[in-house]
Amino acid sequence: MAEGEFDLAGCLASVLQHDDEAARALVERLYPQVIRIARGHLPQRTTEQDLAQEIFAKLFSRLQDYEPRQSVPFEHWVSRLAVRTCLDALRAERRRPELRWGDLPEDQAAWLEFMVADESTPPDTDAASAREIVDLLLSQLKPEDRLVITWLDLEQKSVREISQLTGWSSPLVKVRAFRARRKLRKLAAMFRERHLYERA
Amino acid sequence: MKELERRWQLCAARARLAPARSETVPLGFAARVLARGLPATDAGLEAIWERLAIRWLAALVGVLVICAALELPNLHGAPVLKPGIENTVSQLVWKL
Numbered sequence: 001m002a003e004g005e006f007d008l009a010g011c012l013a014s015v016l017q018h019d020d021e022a023a024r025a026l027v028e029r030l031y032p033q034v035i036r037i038a039r040g041h042l043p044q045r046t047t048e049q050d051l052a053q054e055i056f057a058k059l060f061s062r063l064q065d066y067e068p069r070q071s072v073p074f075e076h077w078v079s080r081l082a083v084r085t086c087l088d089a090l091r092a093e094r095r096r097p098e099l100r101w102g103d104l105p106e107d108q109a110a111w112l113e114f115m116v117a118d119e120s121t122p123p124d125t126d127a128a129s130a131r132e133i134v135d136l137l138l139s140q141l142k143p144e145d146r147l148v149i150t151w152l153d154l155e156q157k158s159v160r161e162i163s164q165l166t167g168w169s170s171p172l173v174k175v176r177a178f179r180a181r182r183k184l185r186k187l188a189a190m191f192r193e194r195h196l197y198e199r200a
Numbered sequence: 201m202k203e204l205e206r207r208w209q210l211c212a213a214r215a216r217l218a219p220a221r222s223e224t225v226p227l228g229f230a231a232r233v234l235a236r237g238l239p240a241t242d243a244g245l246e247a248i249w250e251r252l253a254i255r256w257l258a259a260l261v262g263v264l265v266i267c268a269a270l271e272l273p274n275l276h277g278a279p280v281l282k283p284g285i286e287n288t289v290s291q292l293v294w295k296l
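As they're listed, the protein sequences go chains D and Y. The first sequence: position 43 = 43 (the working numbering), numbered continuously. Offset between the second sequence (1-based) and the working numbering: plus 200.
Treat each hint with caution, since some may be false.
[Claimed, not checked] Derived DMTMM-like pairs: lysine to aspartate or glutamate, alpha-carbon spacing no greater than 25 Å straight-line:
id : chain 1 : residue 1 : chain 2 : residue 2
1  : Y       : 202       : D       : 132
2  : D       : 157       : Y       : 223
3  : D       : 186       : D       : 103
4  : D       : 58        : Y       : 223
5  : D       : 186       : Y       : 203
6  : D       : 174       : Y       : 203
7  : D       : 142       : Y       : 246
[Claimed, not checked] Negatives, chain Y to chain D, calculated, CB over 12 Å:
id : residue
8  : 252
9  : 273
10 : 295
Since the hints were derived computationally from the structure, they do not count as laboratory data. Note that the Cβ used here is the ideal one computed from N, Cα and C, for glycine as well.
Produce the complete structure using the sequences and hints provided.
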């Protein structure tokens, strides 16, 4: 089915009539959106495929509750459901991965050093290592705060977009972003102290 | 702390340049999802039970409120609330 011709309403109606083909088409249609959210908010011990599968399972089990409304398009409804599933998975993990300077590969350690120490120029490494250290730092935050910063700083979404995708109010998104940045500052200060101590 | 924010944004900007990962549906993914089931009858029954339970709860709360409203005028000086049982028990014990 071509992108522009996708009949969402018809597809949803067919899925509710237990039409496997329609369900398959819906999975293919929504997969990019779902996998992006799953990748951005992945617990340490879960694979992105498992999490995406969990999201789709929830989506199909709750599809009958979806009511087409002008204010909440289907994509936003899916996004909110995906976000809730990811946050539940992150909360269930409880223990956040410990970040130890000594365990980091050289590229990532260089970025951390740039962020918290006195290095004045950003390290000349590939983007993937920057992405990995950013993910690692974000994994130290509370799931909701991590989500807000991922969308604000990495995906460059606006507060309004995040509000629509999560169902949270704009002030709440801003408060979470503020809290997350404060926590990142604290983390940086802690790493800086540790780093200075180790150097001494 | 503005400096840290600036450095964080630089790192985030570099991270954004990381090559995008594939977003095509992996082989067999849709089949695995479908194997877990489409909106099943269990889920439907669950939803029906949930809806009925909420309605029953609302109805019960309504009945309780009506009962409370009917009993409210009798609350002041109502003989029903006087503990008569103590006398009966003590009298019975005395007779023994």
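Hint by hint, here is what the structure shows:
With a C-alpha separation of about 23 Å, the suggested pairing of residue 202 (chain Y) with residue 132 (chain D) holds against the 25 Å cut-off. At roughly 19 Å between alpha-carbon atoms, residue 157 (chain D) and residue 223 (chain Y) fall within 25 Å of each other, so this suggested pair holds. In summary, the hint linking residue 186 (chain D) to residue 103 (chain D) is supported, as the alpha carbons are separated by about 20 Å, within the 25 Å threshold. For the proposed pair residue 58 (chain D) and residue 223 (chain Y), the alpha carbon gap of about 20 Å is at most 25 Å, so the pair holds.
Simply put, residue 186 (chain D) and residue 203 (chain Y) have alpha-carbon atoms about 14 Å apart, close enough for the 25 Å limit, and the pair holds. Between the alpha carbons of residue 174 (chain D) and residue 203 (chain Y) the distance comes to roughly 21 Å, so the proposed pair stays at or under 25 Å and holds. Distance check on the hinted pair: residue 142 (chain D) and residue 246 (chain Y) sit about 32 Å apart at the alpha-carbon level, beyond 25 Å; violated. Listed as a non-interface residue, residue 252 (chain Y) keeps its Cβ farther than 12 Å from every Cβ of chain D; the least gap is roughly 16 Å.
Every CB of chain D lies more than 12 Å from the CB of residue 273 (chain Y), the least distance being 44 Å, so the non-interface label holds. Residue-level check passed: residue 295 (chain Y) sits 65 Å from the nearest beta carbon of chain D, beyond 12 Å.
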